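Heads up: the sequence lines are chains A and B, in that order. Positions 25 to 254 (the working numbering) are the ones given, in order, by the first sequence. Positions 25 to 254 (the working numbering) are the ones given, in order, by the second sequence.
To be clear, the hints were calculated from the coordinates, so they are not data collected in a lab. There's no promise every hint is true.
Put simply, identical chains are the same to the list, so a pair is met inside one copy or across any two.
[Claimed, not checked] Each computed DSBU-like pair below joins lysine-lysine, with the alpha-carbon atoms no more than 30 angstroms apart:
#1 K216 to K238
#2 K205 to K238
#3 K216 to K115
Given the structure is predicted, the values throughout are model-derived calculations rather than measurements.
Protein chains: 2
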Amino acid sequence: MNGASRPIAILGGTGPAGMGLALRWARAGEPIIIGSRDAQRAQDAADGIKEIIGDQARVSGMENSAACAAADLLVLTVPFEGQAALLKQLKPAIRPGSILIDTTVALAAGVGGRASRTLGVWQGSSAQQAAELVPKGVAVVAAFHNLSAELLNGDENLDCDVIVCSDDPNALQLTRGLAAKIPGVRAIDGGKLENARILEQITALLVGLNIRHKGHGGIRITGLPAEAYQ
Amino acid sequence: MNGASRPIAILGGTGPAGMGLALRWARAGEPIIIGSRDAQRAQDAADGIKEIIGDQARVSGMENSAACAAADLLVLTVPFEGQAALLKQLKPAIRPGSILIDTTVALAAGVGGRASRTLGVWQGSSAQQAAELVPKGVAVVAAFHNLSAELLNGDENLDCDVIVCSDDPNALQLTRGLAAKIPGVRAIDGGKLENARILEQITALLVGLNIRHKGHGGIRITGLPAEAYQ
Chain A
25 MNGASRPIAI LGGTGPAGMG LALRWARAGE PIIIGSRDAQ RAQDAADGIK EIIGDQARVS
85 GMENSAACAA ADLLVLTVPF EGQAALLKQL KPAIRPGSIL IDTTVALAAG VGGRASRTLG
145 VWQGSSAQQA AELVPKGVAV VAAFHNLSAE LLNGDENLDC DVIVCSDDPN ALQLTRGLAA
205 KIPGVRAIDG GKLENARILE QITALLVGLN IRHKGHGGIR ITGLPAEAYQ
Chain B
25 MNGASRPIAI LGGTGPAGMG LALRWARAGE PIIIGSRDAQ RAQDAADGIK EIIGDQARVS
85 GMENSAACAA ADLLVLTVPF EGQAALLKQL KPAIRPGSIL IDTTVALAAG VGGRASRTLG
145 VWQGSSAQQA AELVPKGVAV VAAFHNLSAE LLNGDENLDC DVIVCSDDPN ALQLTRGLAA
205 KIPGVRAIDG GKLENARILE QITALLVGLN IRHKGHGGIR ITGLPAEAYQ
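Excised from the complex, chain A in its bound form:
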């Protein structure tokens, strides 16, 4: 669904979640730009991915603003406590018509609380906060909250579904296509962006299950007709 020439910029992409997504999409042949506050750190992260999957991987690293200027498919993988500030800073650099895929979860750990609890976000969810902060005409999508970063950074197929929410049907479909490029993942249309609040809560539940049971929890949605899964 994503044309081979359309790079994916992963903003704040040097953390475990961003690196895991970069690794999986680079393996699938997608061109990736890893964004970071520090261009050198981004470049080192890109080099790290090439070391794993080989020099044919199309992965580069840039400062976050430069990554926005070089791509119109943006994936935000910063912790919640950095989300709003980064989006405000990047606003002038985000190209009109871009798609921003928000993966943020407002875990209470970000303010010294527990990672199995969330903060209330005034707008309803982190994704809806993002939608308030991007330039007009940028479509916001919520997805990828519930994938284990540790498993993403491994080699095995994931045993997890990705529920995708957006008010923009085209951006939603494009994101489903990206999700389905991760081996083992099935992408499900989760409806409007407001439903992101539930996806974000599920991450806190999975964190709690992981702590309690020492696992890498994920979710599968059962009971939907085959055409609901991509």
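Once you have looked at the hints, place chain B on chain A.
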């Protein structure tokens, strides 16, 4: 885990969720009391279950207060908008040391909104509201929010996990045992009762997926070690 002589009273049990649980547990040999505001309606519901699975089924019907007086294992299956009033009414009838399993979800449909959205509950969740309303010494458990009532009322194995939350470890374990009696269900310890807020939200997500995709959605938790599943 539940002794053969310990009946399960399903309060407000004549609706689809209560009937489905009654059917599955009666099939597993558990003695069931269906509770209703109207004793005759409860009795009719019990007769309906006997018609399906045969006269050997140990199912009776009683007015809700009488059901509380006859059992110390209580499952609450009323809609959210009736939950608080019913618990206040039943308070004198609930026996000390009882376990109350709350299945309530505060869907906005209860106040004329959508069933894919929830209301905010001051205490954090419907289950925590229940915990405030039961007599002292009654353990509250949250479970069974995410099972399709339609599938429960059928014959096939369910493809769904039940996450069980409670601040009382014994009540939590006993409820896991009850969940595991439903064919296909795996029961998972979800920790403290406060986590019920996430289980309740997941129901709204599944309702939305069911509407969008015309299915009977459920969830499976993946990635936990085998001993986490009962």
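Up to 30 angstroms CA-CA - K238 versus K205, copy category: both (27 angstroms within a copy, 25 angstroms between copies)
Copy assignment of K216 with K238, given that the CA separation must stay at most 30 angstroms: between (33 angstroms within a copy, 17 angstroms between copies)
Up to 30 angstroms CA-CA - K115 versus K216, copy category: within (23 angstroms within a copy, 41 angstroms between copies)
Violation of the numbered hints given earlier is absent; every hint is satisfied by the structure.
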